[in-house]
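A.B. asks: Sequence:
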Amino acid sequence: LIAKGYTNVKVYAAGMPEWKKLGKATTGGSAKKPASDAPKAEAKMVNGIKLGADEGTVDGEWFKANYKTLANVQIVDVRSPSEHKVGAMAGAINIEAGKLSAKDFVAKLPKDKVVVFHCASGGRAMEALEKAKEGGADMSKTYYFDANLNCTGSECKIEVNEPLG
Numbered sequence: 051l052i053a054k055g056y057t058n059v060k061v062y063a064a065g066m067p068e069w070k071k072l073g074k075a076t077t078g079g080s081a082k083k084p085a086s087d088a089p090k091a092e093a094k095m096v097n098g099i100k101l102g103a104d105e106g107t108v109d110g111e112w113f114k115a116n117y118k119t120l121a122n123v124q125i126v127d128v129r130s131p132s133e134h135k136v137g138a139m140a141g142a143i144n145i146e147a148g149k150l151s152a153k154d155f156v157a158k159l160p161k162d163k164v165v166v167f168h169c170a171s172g173g174r175a176m177e178a179l180e181k182a183k184e185g186g187a188d189m190s191k192t193y194y195f196d197a198n199l200n201c202t203g204s205e206c207k208i209e210v211n212e213p214l215g
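So the sequence shown is numbered by this note's numbering: it starts at 51 and just counts up by one.
No lab work stands behind these hints: they were computed from the structure.
Note that the Cβ used here is the ideal one computed from N, Cα and C, for glycine as well.
Don't take each hint at face value.
[Unchecked claim] So the derived label-pair ranges between C-beta atoms look like this:
no., residue 1, residue 2, range
1, Met-189, Leu-51, 21 to 27 Å
2, Ala-121, Ile-52, 24 to 30 Å
3, Gly-141, Asn-58, 34 to 40 Å
With the hints as constraints, model all of the structure from the sequences given.
C.D. replies: Structure representation (structure tokens):
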């Protein structure tokens, strides 16, 4: 995170799952906001995808509930082939983003569907989104799923990350 320009970075020795169990905020997006009488903005849908609060994301809880039924979406697992072999989201194809140039990465992406990147914790998926942008991908059809995934085969335990806000 520091390399990405964040300055208020802390490490909790017990780890993120324990921190979340304690109900602690992990991002600016999870901070309690004062109550407002203003109506909530409707979530934006684009190409059949509910967009998340952070730029380039899909709405995590919505995607978790719906990813198996989205015919217009190709999920791309950007992890290594050995990680993908252990397990990945149902229907995901494997394109290891870290091993390819931006141009070569984009050349391998499907052009006829909305693309949603996933990895194990959201970090590599976010980096893949940046690489896709650098390589000239159609960013109106390219997103990432910011979540912690633990998959065996196509069965995944998914914990959606909070928006960075």
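A.B. asks: Next, verify each hint and record whether it holds.
C.D. replies: To see whether the hints hold, each was checked on the structure:
Separated by about 23 Å at the C-beta atoms, Met-189 and Leu-51 satisfy the suggested range of 21 to 27 Å. For the pair Ala-121 and Ile-52, the beta carbons lie near 40 Å from each other, so the given range of 24 to 30 Å is not met. The hinted window of 34 to 40 Å between Gly-141 and Asn-58 holds, with their beta carbons roughly 38 Å apart.
Checked against the numbered hints given earlier, this structure breaks only hint 2.
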